[in-house]
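Chain order of the listed sequences is A and B.
Residues in the first sequence are numbered consecutively from 1, following this note's numbering.
Residues in the second sequence are numbered consecutively from 1, following this note's numbering.
Treat the hints as calculated values from the structure; they're not laboratory data.
A portion of the hints provided could be inaccurate.
Which bits of chain A does chain B cover? Going by a derived footprint, with three or more residues having C-beta under 8 angstroms, they are [to be verified]:
# : segment
1 : 1-11
2 : 47-58
3 : 163-174
Some residues of chain B that are not near chain A, with every Cβ distance over 10 angstroms (derived) [unchecked claim]:
#  : residue
4  : N11
5  : G369
6  : S373
7  : V380
8  : F385
9  : F412
10 : L443
11 : M466
Since the model is a prediction, treat every value here as computed from it, not as a measurement.
By construction, the Cβ of each residue, glycine as well, lies at the ideal position given by its N, Cα and C atoms.
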Amino acid sequence: MKVIEINKLNKIYNESEVKVHAVNNVTFDIEEGEFTAIVGPSGSGKTTLLNMIGGLDIPTSGEVMVGGSLMSSLKGADLTDFRLHNIGFVFQAYNLIPVLSAKENTEFVMRLQGKSKKVCDARTKELLKAVGLGERMNARPAKLSGGQQQRVAVARALASKPKFVLADEPTANLDSKSTETLLDIMEKLNREENITFIFSTHDARVVKKARRVITLEDGKILSDVRKNGGE
Amino acid sequence: MKDLISIAWRNIWRNKRRTAITIASIFFAVFFALIMRSMQLGTYGHMIDQSIEKFSGYLQVQNPEYFDDPSLDNYLDYSGELIQTIQQTEGISIAVPRIEAFVLASSGHQSKGVMVTGIDPVQELQVSNPEHLLVKYRLTPEIVTKIMHETTFDKKQIELLKFNETGLYHNLDRLALDLGLKPEDFEKYHPVFETHASYSGQYLKPDDDGVLVSSRLANYLQVDVGDSIILMGQGKFGATAAGIFPVKGLVKILSPDLDNKLVYMALPLAQDFLNMPNNLTCLVMNLTNNDQLIEVQKRLTSNLDPNKFVVKNWKEINPILEQQIQSDNKSGQMFLGILYFIIFFGIIGTVLMMIAERKREFGVMVAIGMRKSKLILILVIEMLFIGIIGTALGMMAVAPLVYYYNFHPYRFTGEMAKMYEDMGMDALMPAAGFDAYFAWQALIILLMVFLACYIPLRRIRKMKVMNALRA
Numbered sequence: 001m002k003v004i005e006i007n008k009l010n011k012i013y014n015e016s017e018v019k020v021h022a023v024n025n026v027t028f029d030i031e032e033g034e035f036t037a038i039v040g041p042s043g044s045g046k047t048t049l050l051n052m053i054g055g056l057d058i059p060t061s062g063e064v065m066v067g068g069s070l071m072s073s074l075k076g077a078d079l080t081d082f083r084l085h086n087i088g089f090v091f092q093a094y095n096l097i098p099v100l101s102a103k104e105n106t107e108f109v110m111r112l113q114g115k116s117k118k119v120c121d122a123r124t125k126e127l128l129k130a131v132g133l134g135e136r137m138n139a140r141p142a143k144l145s146g147g148q149q150q151r152v153a154v155a156r157a158l159a160s161k162p163k164f165v166l167a168d169e170p171t172a173n174l175d176s177k178s179t180e181t182l183l184d185i186m187e188k189l190n191r192e193e194n195i196t197f198i199f200s201t202h203d204a205r206v207v208k209k210a211r212r213v214i215t216l217e218d219g220k221i222l223s224d225v226r227k228n229g230g231e
Numbered sequence: 001m002k003d004l005i006s007i008a009w010r011n012i013w014r015n016k017r018r019t020a021i022t023i024a025s026i027f028f029a030v031f032f033a034l035i036m037r038s039m040q041l042g043t044y045g046h047m048i049d050q051s052i053e054k055f056s057g058y059l060q061v062q063n064p065e066y067f068d069d070p071s072l073d074n075y076l077d078y079s080g081e082l083i084q085t086i087q088q089t090e091g092i093s094i095a096v097p098r099i100e101a102f103v104l105a106s107s108g109h110q111s112k113g114v115m116v117t118g119i120d121p122v123q124e125l126q127v128s129n130p131e132h133l134l135v136k137y138r139l140t141p142e143i144v145t146k147i148m149h150e151t152t153f154d155k156k157q158i159e160l161l162k163f164n165e166t167g168l169y170h171n172l173d174r175l176a177l178d179l180g181l182k183p184e185d186f187e188k189y190h191p192v193f194e195t196h197a198s199y200s201g202q203y204l205k206p207d208d209d210g211v212l213v214s215s216r217l218a219n220y221l222q223v224d225v226g227d228s229i230i231l232m233g234q235g236k237f238g239a240t241a242a243g244i245f246p247v248k249g250l251v252k253i254l255s256p257d258l259d260n261k262l263v264y265m266a267l268p269l270a271q272d273f274l275n276m277p278n279n280l281t282c283l284v285m286n287l288t289n290n291d292q293l294i295e296v297q298k299r300l301t302s303n304l305d306p307n308k309f310v311v312k313n314w315k316e317i318n319p320i321l322e323q324q325i326q327s328d329n330k331s332g333q334m335f336l337g338i339l340y341f342i343i344f345f346g347i348i349g350t351v352l353m354m355i356a357e358r359k360r361e362f363g364v365m366v367a368i369g370m371r372k373s374k375l376i377l378i379l380v381i382e383m384l385f386i387g388i389i390g391t392a393l394g395m396m397a398v399a400p401l402v403y404y405y406n407f408h409p410y411r412f413t414g415e416m417a418k419m420y421e422d423m424g425m426d427a428l429m430p431a432a433g434f435d436a437y438f439a440w441q442a443l444i445i446l447l448m449v450f451l452a453c454y455i456p457l458r459r460i461r462k463m464k465v466m467n468a469l470r471a
């Protein structure tokens, strides 16, 4: 079942005198439960594409349908609410809230959704144990290593059981061991909870784990490979 | 909401130094604003107490013509019906009868226009209390010389004795204060002052045929207790008013204007002297609650015959005092405004810094699903915390001072005291008690916090998530 449909998507930046075509007429679909990596060199448009799927950036033209909703039709608080209930984000720089502990960061989205303390507690403990931070639940981000922070970020993204997780270069600042652990966690959660994962990355280790790899270059799709099927 | 409050509380301590500086600026603004306002309001209260409650009263019943033409012909009948109506009007604590007339006073070769005030000596104790104003101790250069011969004083005390060598005092406490004598030392000096400086004035009796003369007037007429003064003028309907009256005592009145012209006499004597049997020029009233001035005035007016009586409030009777207070109040408020204006920009600066340094974090919060309205709420709560802490600390610090100076007004001594008294003011600076002005400061700070949040919070509302995430 198609859960994300991207149709003739374009993003042109006019920040300088030279126009930059960051995403150029891109069309593809994502099926439910896919574990997809969008790869390509720096400046190929991976992050821009991911941001437009997540409703953080506005396309110059074209359409993005996520879970049956046309993203361009959602504005302001409606768009924020849509992200809150459907999309989990993992950022390259972790972006945890510094004044909250690992546990509080993880349950933050659930609290925004209005879930009860009991539900939040149970889910947070489960996730933080799953990412190997069961013993560091009360530590604030400043007391955690980069790898640990990114694991908290993954736990936060998954805590509310979103339909989609968009991860922008989640392993860029991690060492090999942390990367391996993180990917295993995400793969496990993808299988167990059928969450659709989309990564932007140029990390070969992520590509290796992905079951579908879309390669971008100069904003265009160069290839789209499903490892268990054809192109 | 609990989560937002918790985040806001933790956020304000992320940059402890900045928070501390902002809180300190609010603390000092509240502290100085409150102490200044308290002293200002306390002084106004004292001025009103001295001039209004202790002299002209908060309300006066007069003949309708008297206010514009204060002639004895526009008199008031002092009837039982009038007294009963006043007694039945809620909010009036006391009403005392008065006759005020202007006549010529003379003694020896000196003469002067004076104001004769006929009072009920017993009832008047509860209003102007002339007995309290009686001069009971007096210093003269001769008395000072005698005292200095009999007792030893230090250099400063000698200077103060010479400075006050013509001083008149209602009591020994004030004399001791003016001479810089501590209460514990004063026991030593007490007998010598009692022996040499005592002054033998007496208060009026209801049927007294003597008068009390204000101290500056007595000095001008060169009369003392036991001497007599001649009063001569016009009574009601042009009747000749003339008489010779023994001086029973001197009264020292703070207002130099009144102290230069006042003669107190018992009401029956004044009525007889001025041909006003059973007549008054006014009835002076004080209130149970001074804040209800206008309500009580309206109530009493509606109870009285408008053809015979008019009720005037102190602001109408003494517009100069009202204007003086208003203009001083305005300048005080302007100063407070400037103080708050400076603090206002300090708060704006803090909010702008908070937003600038957390722009990326705000972007992340909105990206993962926090509505901007909640983000704005967090910032407002943060600023409220800072405002409330600063205001509460300022109030807590100032409260003991206000409490102390409310019950123990600061009293000026020496030249400063003289200066105050020459202006007709008691040389006291009391603090006003805890009242609505305390709550006003808190409200002003909260209002400033909300105003200071407006511009920065607009920025959040217009914030583009992508730009914030790139910050």
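- Are all C-beta atoms of chain A more than 10 angstroms from that of S373/B? Check fails; 7 angstroms does not lie beyond 10 angstroms.
- Distal placement of F385/B relative to chain A, Cβ over 10 angstroms: Given a closest Cβ separation of 13 angstroms, the condition holds.
- Item | No chain A beta carbon within 10 angstroms of F412/B's | F412/B clear of chain A: closest Cβ-Cβ about 53 angstroms, beyond 10 angstroms.
- Item | Minimum Cβ distance from N11/B to chain A greater than 10 angstroms, as the annotation requires | Since the minimum Cβ distance to chain A is about 6 angstroms, N11/B lies within 10 angstroms and the statement is violated.
- Query: Does the no-contact call for V380/B survive, Cβ to all of chain A over 10 angstroms?
  - Reply: The assertion about V380/B holds, with a minimum of 17 angstroms to chain A.
- Message: If you count the residues of the segment 163-174 of chain A with a beta-carbon closer than 8 angstroms to a beta-carbon of chain B, do you get 3 or more?
- Response: Violated: only 0 residues of the segment 163-174 of chain A have a Cβ under 8 angstroms from chain B.
- Query: Beyond 10 angstroms from chain A, beta-carbon-wise, is M466/B?
  - Reply: violated (5 angstroms)
- Item | Outcome, coverage of the segment 47-58 of chain A by chain B - at least 3 residues whose beta-carbon is closer than 8 angstroms to one in that chain | It holds, with 4 qualifying residues against the three required.
- If you look at each residue in the segment 1-11 of chain A, do at least three have a Cβ nearer than 8 angstroms to any Cβ of chain B? Check failed, 0 qualifying residues.
- Interface-negative label, G369/B against chain A, beta-carbon threshold 10 angstroms: violated (3 angstroms)
- Item | Verdict on L443/B as a residue remote from chain A, using beta-carbon distances over 10 angstroms | Holds, because the least Cβ-Cβ distance between L443/B and chain A comes to about 29 angstroms, which exceeds 10 angstroms.
Checked against the numbered hints given earlier, the structure breaks hints 1, 3, 4, 5, 6 and 11 and satisfies all the rest.
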